[in-house]
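Top line first, the protein sequences correspond to chains U and F. Counting along the first sequence from 1, when you hit position 135 you're at 135 in my numbering, and nothing is skipped either side. Counting along the second sequence from 1, when you hit position 37 you're at 37 in my numbering, and nothing is skipped either side.
Because the hints were derived from the structure by calculation, they are not lab data. Every residue, glycine too, gets a C-beta built ideally from N, C-alpha and C. Accuracy of the hints is not assured; some may be wrong.
Unchecked claim - Straight-line C-alpha distance at most 30 angstroms; calculated DSS-like pairs for lysine-lysine:
#, chain 1, residue 1, chain 2, residue 2
1, U, Lys-158, F, Lys-173
2, F, Lys-43, U, Lys-108
3, U, Lys-108, U, Lys-71
4, U, Lys-176, F, Lys-6
5, U, Lys-160, F, Lys-43
6, U, Lys-149, U, Lys-178
7, U, Lys-71, F, Lys-43
Said to hold, decoys possible - Per the computed footprint, the stretches of chain U lying under chain F, defined by three or more beta-carbons under 8 angstroms from a beta-carbon of chain F, are:
#, region
8, 1-12
9, 26-37
10, 95-108
11, 166-178
Claimed, not checked - Restraint-style ranges between C-beta atoms, simulated for each label pair:
#, chain 1, residue 1, chain 2, residue 2, range
12, U, Glu-91, F, Gln-166, 21 to 31 angstroms
13, F, Asp-35, U, Thr-81, 29 to 39 angstroms
14, F, Ile-17, U, Ala-104, 17 to 27 angstroms
15, F, Ile-17, U, Asp-116, 50 to 60 angstroms
16, U, Asn-63, F, Gly-45, 37 to 47 angstroms
17, F, Pro-31, U, Thr-155, 42 to 52 angstroms
Here are the chains, one letter per residue:
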Amino acid sequence: MITKEELSVWILSGIDNALFAINERMNEPEVVPEPIVDYRARVYPEDRTKYWYIDRRQVESCNWRNDIVDKGRFQDGNYFTSCNEPRVELEWRALNTQILNTIATLNKEDNDWVADFSDDEQEKWYLCYNDGNSDFGYTNCHSLRSHNKNMYFSTNVKEKLLTLYTEEEFKFWILKEKI
Amino acid sequence: MKQFTKEELCELIFTGIDNALVVINQRMNEPEVIDHKALVYPKKGTEYWYLTSCDVQTDCWDNDSMDETRYDIGNHYATEEEAKLQYDWQLLNVRILNTIASLNKGDNNWVVDWKDGRLNKYTIGLDRDTDTLVAGVYNSAQYWNNNHYLSFMGKEKLLTLYTKEQFKFWLTKERA
């Protein structure tokens with residue numbers, strides 16, 4: 001038979017252990033779950049925030065009203081937080097049109113050359129800027145494709161293309177930054 | 001005033017014609033000078049498509065300033081399909097660039113620094129041989145403007161956020 005005293009010791013010892021565990025748990029630092037960030041979410045500006053946008057070839061501004069027009073501009077990239085950004089964008093678009101047209105014309109003259117990514121033997125070139133040595137030139141696309149087809153040109157075209165625009169123009173085209 | 005004889009007049013006219021022929025022949029034998037930078041506008045009456053803030057619209061080329069403005073800044077598409085493709089691409093492009101900006105901000109405000117040759121800068125590319133997406137590392141050669149580049153952590157996360165088809169479309173502007 002278990003005596004009353006033995007039983008009391010066990011119960012008290014159990015209570016002690018439980019209290020110890022409770023105190024330990026209470027002293028543990030609270031684990032705050034990391035907030036889940038939706039990196040794909042569109043974060044619209046606050047109401048009445050002034051912004052700039054391109055209307056035809058003009059730069060216009062207005063205040064954010066969170067309406068369908070504002071959201072439409074934001075979603076297709078026609079939302080700028082400063083007056084200078086859309087001006088640079090317009091200038092870049094005009095140059096982009098001109099350079100892409102030039103590439104298309106030169107490729108056409110070179111026996112209707114078209115970039116064929118299933119042909120490993122075909123040399124395909126595109127422009128790049130090397131900041132390390134402030135050098136500007138073209139790169140042969142060996143295996144990595146990172147551009148739209150209309151930006152590639154043939155071997156015969158690459159020398160000619162470089163003579164048609166200034167280095168500043170090409171740099172602006174690639175970097176979209178005014179020097 | 002001395003009157004010209006019929007013979008004198010004939011001689012003068014024939015000399016003039018001879019000179020003109022020489023110039024014409026010379027001009028015709030000259031190689032055609034092509035202005036590779038010139039924009040060649042469409043013919044009057046050609047239908048074309050362009051993008052507005054929320055959809056694709058069509059118009060007829062009238063040679064007016066509105067047509068030329070659209071053409072000059074690349075908002076001119078010969079077919080509706082091209083315009084729709086561009087519209088879809090623009091939406092995705094803004095979305096991915098915004099994501100890249102958020103990821104870089106979340107990674108201790110990571111900023112691409114081209115002066116730092118040891119800083120690894122990543123952007124997404126398509127391996128032609130294996131048809132897989134790769135995050136290429138770039139230290140000095142720049143192919144895009146700065147908003148396309150991410151840190152190591154950023155590129156790992158980015159690859160999980162969009163499908164392969166979306167990335168392929170973003171890079172190539174071609175539908176699978």
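Exercise for the section: Take the C-beta atom of U:Glu-91 and the C-beta atom of F:Gln-166, compute their distance, and say whether it sits inside 21 to 31 angstroms. Expected result: holds, 29 angstroms
Handout entry: Straight-line alpha-carbon gap U:Lys-176 to F:Lys-6, limit 30 angstroms
Key = Violated, at roughly 71 angstroms.
Problem - F:Asp-35 paired with U:Thr-81, Cβ distance criterion 29 to 39 angstroms - result: holds, 38 angstroms
Handout entry: Verdict for F:Ile-17, U:Asp-116 (Cβ pair) under range 50 to 60 angstroms
Key = Holds: the Cβ-Cβ distance is about 53 angstroms, inside 50 to 60 angstroms.
Practice task
For the pair supplied as a hint, U:Lys-108 and U:Lys-71, confirm whether the alpha-carbon distance does not exceed 30 angstroms.
Solution key: Answer violated: U:Lys-108 to U:Lys-71 is near 40 angstroms, above 30 angstroms.
Exercise for the section: Check, residue by residue, whether the region 1-12 of chain U contains three or more positions whose beta-carbon lies closer than 8 angstroms to a beta-carbon of chain F, and give the verdict. Expected result: Check failed, 0 qualifying residues.
Practice task
Verify the proposed pairing of F:Lys-43 with U:Lys-108, using a straight-line Cα cut of 30 angstroms.
Solution key: holds, 20 angstroms
Exercise for the section: For F:Ile-17 and U:Ala-104, compare the CB-CB distance with the range 17 to 27 angstroms and indicate the outcome. Expected result: Roughly 43 angstroms apart at Cβ, these two residues miss the hinted range, so it is violated.
Practice task
Take the region 26-37 of chain U, compare each residue's beta carbon with every beta carbon of chain F, and decide whether three or more fall closer than 8 angstroms.
Solution key: violated (count 1)
Exercise for the section: State whether the coverage of the region 166-178 of chain U by chain F holds or is violated, taking the criterion as 3 or more residues with Cβ-Cβ distances under 8 angstroms. Expected result: Coverage by chain F holds here, the residue count being 4 at a Cβ distance below 8 angstroms.
Practice task
Given the hint that U:Lys-158 pairs with F:Lys-173, test it: the Cα-Cα distance must not exceed 30 angstroms.
Solution key: holds, 23 angstroms
Handout entry: Pair hint outcome, U:Lys-71 versus F:Lys-43 [Cα-Cα no greater than 30 angstroms]
Key = Judged against 30 angstroms, a Cα distance of about 35 angstroms means the pair is violated.
This entry does not satisfy hints 3, 4, 7, 8, 9, 14 and 17, going by the numbered hints stated previously.
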